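K.L.:
Next come the chains, spelled out residue by residue.
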Amino acid sequence: MDKVTLEVVRSGGRRIRYDLRYRKGMTVLDALIEIREKLDSSLGYRHSCRMGICGSCGMTIEGVPRLACQTQISILKTDVIRVEPLHSMGVMRDLVVDIAPFMAMHKSVKPYIMRRNTDERDHSDREYRVLSEEVRRFLQFDYCIMCGLCYSACPTVALDPAYIGPQAIAQSYRYMADPRDEGWDQRIDLLDTSHGVWRCHVAGACSFVCPKDVDPAKAIQMARKEILKKRLLRRKARVGAQPVPLLSSGVVKQGVKPPPFDFGKGSVSRK
Amino acid sequence: MVEAIDHDVIIVGSGLAGLRAAAQVLSLSSGSGPSLAVISKLALMRSHSVGAEGGTAAVLYPEEGDSLELHAWDTIKGSDFLADQDSVWKFVSLCPEEMRQLERWGMPWSRREDGRIAQRPFGGHSYDRATFAQDKVGFFEMRTLYDKLQEYDNWSRYDETFVTSIVVEDGTFKGCTAIELKTGRFVFFRAKAAVIATGGAGQLWKFTATSTSVTGDGIGLAYRAGLPIEDMEFMQFHPTGLIPRGILITEGARGEGGYLVNSKGERFMERYAPSKMELAPRDVVSRSIMKEIGEGRGFKDEDSGLSFVHLDLRHLGREKIDAKLPFIKELSMKFTGVDPVEEPIPIKPTAHYTMGGIRVDGNGRVLDERSQAVRGLWAAGEAACVSIHGANRLGANSTAECLVYGRIVGEDIVRYLASDNAHPLGNDSSLVASEEDRVFRGLFRNETSSEDVYVLKAKLKEIMDKSVYVFRDEEGLTDAVREVKELKEKYRGVRVTDGSKVFNYNLLDTLEVGVMLELAEVVAQGALNRRESRGGHARLDYPQRDDTNWLKHTLARRTEDGPSFSFAPVCITMWKPVERKY
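Just so you know, the protein sequences line up as chains A and B, in that order. If you read the first sequence in my numbering, its first letter stands for residue 146, the second for the next number, and so on. If you read the second sequence in my numbering, its first letter stands for residue 199, the second for the next number, and so on.
Derived by calculation from the structure, the hints in this document are not laboratory data. Bear in mind that the values here come from a model prediction, so they are computed numbers and not experimental data. The C-beta atom is built at its ideal place from N, Cα and C for all residues, glycine as well. There may be inaccurate statements among the hints.
[Said to hold, decoys possible] Covered, in the sense of this in silico footprint (three residues per stretch, anywhere, with C-beta under 8 Å from a C-beta of chain A), are these stretches of chain B: (1) 230-243; (2) 300-306; (3) 361-367; (4) 407-415; (5) 455-469; (6) 516-523; (7) 585-593.
[To be verified] Here are a few chain A residues that sit away from chain B, every Cβ distance over 10 Å (derived from the structure): (8) I161; (9) M234; (10) D270; (11) R274; (12) D305; (13) I372.
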């Protein structure tokens, strides 16, 4: 292959073809940059890190939501590549879509450590003891770069714009699974709604397209399990059973205790 | 009349320093607090701080043998004694608290067996004090801070809004002009206080670890407002940039035990830094790699034409690579087709970190040419020069600086707003109208463009890669200065060819290149002036450090004819300069 054509769906649905010389190792982003710099300065697309970590360059490439920067042209097995904006997000110009509603969903699930003692969290000098296996319970969900590919791929998002979506649910679960967090009850209430976790049809498209190997579909299932446990416990409570901590032994309800701090700071004088 | 938007505090830039400053202002404010805005030319969370990989330095375990004094010494020695030592002391003293603060905000630090925070070795540090979360430290720190900010409702975000100028009158910050990319609207943000936290200028080079957005905008804002910028000739070339793009392979790869190997199969660092080997500071390792390549012991990539050496991780084994360096494996496989478990990684030094920047004092307040603080203006992170990195930054000290100085600046602003110094919001100044004229009538002029901005950008990068790289000399730098001046002249003929108001990236590219050319001139001329070798600035024709004549900071101020240079003393409070050996 020494030539490649990008067929870009631009604002208003125009399909424009750009012919380029193919170079070994060329990515779709390389091609788009070459188009803007050499063929058509008006082509709109976002990009920044070009190393698959900033989440800017999500777009639909050959029918699948992908990051342009880490999509090698050679793996697409075609010399005419269809490039469209991400789906389920409003087009602002060419391949640039409106990510504000997606970002708002992330915020809506309270994606931060909640503690009863906010002063200890924000203004102390302590640390919480967290074991490596506890980190592993939430770490993969923390890989999310907020690129919106899962949101774009999700068939439920396409039908129900009020659905919280796979990204936000995965982030909510990330904090539920964090032993430092004490916001479990609030998180459950935010997800246990008609536009929450029960809306998911378990298509699994989110996990399939994630460029960082996050598994939002798993997070959705795990969150459902937590909700069912909570309902079950409420029923049990009525018959007098003792509630037990839900995620791991005693850790979630109590929060992790910071170890004592016993060394001073700045004891060395300047020479 | 340009539309005005009022806030008490604006933070320009949404990387680690900007988000940390925002978090500090918000966490210290009660009630509705000051009106805070974060402005970024990217969407929030897209800043290149997410690309930081290996670690954040801090003395967490003094009871086990580390000390603030040792961290300060490593930093100052690493800086080749150009760092200001009072700033370094303040910096190292606050690093430990920052690690724990992020921990309490949810940072997924890698852990020791007992659940406390783990640390790894890093170049130039004489103790294992790089705090890490796998090999995605900057990314996780950004996630932690971004998520923390989601707790607050009393701040505004202006995503994808490009600041074109800052307005400083009578020694006081008045506001900044900006273009909202979504609409093309030109606005004047009026504020009592502002932080410039826009990062470095790695994109002046072609082979660079930085994202395409790292174009030195904020440093350019200060420079174009007539404020001095400091030590711009000191650029850090990170030893291990992935062939062919320059993407960063973390120093953590060597921290975990990786070898650098030449085409003869030798671990060549033995020749240059026998005690620290691969974990010598970055300037030392980069020079060693370029020497090996120069003396014919490198490899050559036929497709890109680039020469390189090998970073060999194979002996670490799959398990360790997957656990400690998963991102390195991913990058290597995706961007050069090499699985580091099976094959060595092809690397060469890549433009990485701008040691210089906007001259600030110990509280991050921007200084004018008389070393007076500009009222209401701060800078933090890579955009600023405090200076704690001097001529060469140690690995793991930049994310640490962003956090520490984001916090310092946030606290200082809260104090400032509470004091009588907080000036009332400024009125529209004539500078705003003339800036609108420059951006719109100047660049959109209705005549055919005589120059192509993308050709100029490509040419600039070529010049910088060729003559202002790891090794420099008078001849190359003289050529570079002349060629950059020619490009600046040609830039006057550049026009924006895209006529759209909405997401006009051609306009953004054009504005960025204008700034890049001005900064490149400062870098090249500063490097030509400095007739010595110190840290990241290595002159083949002046191979020794010269403390008699050059133990001083370079200051550059803009004039119509290019930069005008002066110098400032280095603050030495703890250690006198000695020979630097590893």
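K.L.:
For every hint, state whether the structure bears it out.
P.N.:
Against the structure, the hints:
Note: the stretch 230-243 of chain B has 4 residues with beta-carbon separation from chain A under 8 Å; the three-residue rule is met and the coverage holds. Three residues within the 8 Å Cβ limit are the bar, and the stretch 300-306 of chain B against chain A gives 5, so the coverage statement holds. Figure legend: the stretch 361-367 of chain B, annotated as covered by chain A; annotation inconsistent (0 residues with Cβ-Cβ distances under 8 Å, at least 3 required). By the rule of at least three residues with a Cβ nearer than 8 Å to a Cβ of chain A, the coverage given for the stretch 407-415 of chain B holds, with 3 such residues.
For the stretch 455-469 of chain B, the stated coverage by chain A is not satisfied: 0 residues place a CB nearer than 8 Å to a CB of that chain, which falls below the threshold of 3. Against chain A, the stretch 516-523 of chain B contributes 0 residues with a C-beta closer than 8 Å to a partner C-beta. That does not satisfy the three-residue criterion, and the hint is violated. With 0 residues carrying a beta carbon less than 8 Å from a beta carbon of chain A, the stretch 585-593 of chain B misses the three-residue requirement, and the given coverage is violated. The non-interface label for I161/A is consistent with chain B: the shortest C-beta to C-beta separation is roughly 14 Å, beyond 10 Å.
Against chain B, the non-interface label of M234/A holds: every CB pair exceeds 10 Å, the least being about 12 Å. Not every CB of chain B lies more than 10 Å from the CB of D270/A, the least distance being 6 Å, so the non-interface label is violated. At the 10 Å boundary, the C-beta of R274/A falls inside the reach of chain B, the nearest C-beta of that chain being 4 Å off. At roughly 23 Å, the least C-beta separation between D305/A and chain B is larger than 10 Å, which holds for a residue marked as non-interface.
The beta carbon of I372/A is kept farther than 10 Å from every beta carbon of chain B, the shortest such distance being approximately 22 Å.
Hint violations for this structure: numbers 3, 5, 6, 7, 10 and 11, all remaining hints satisfied.
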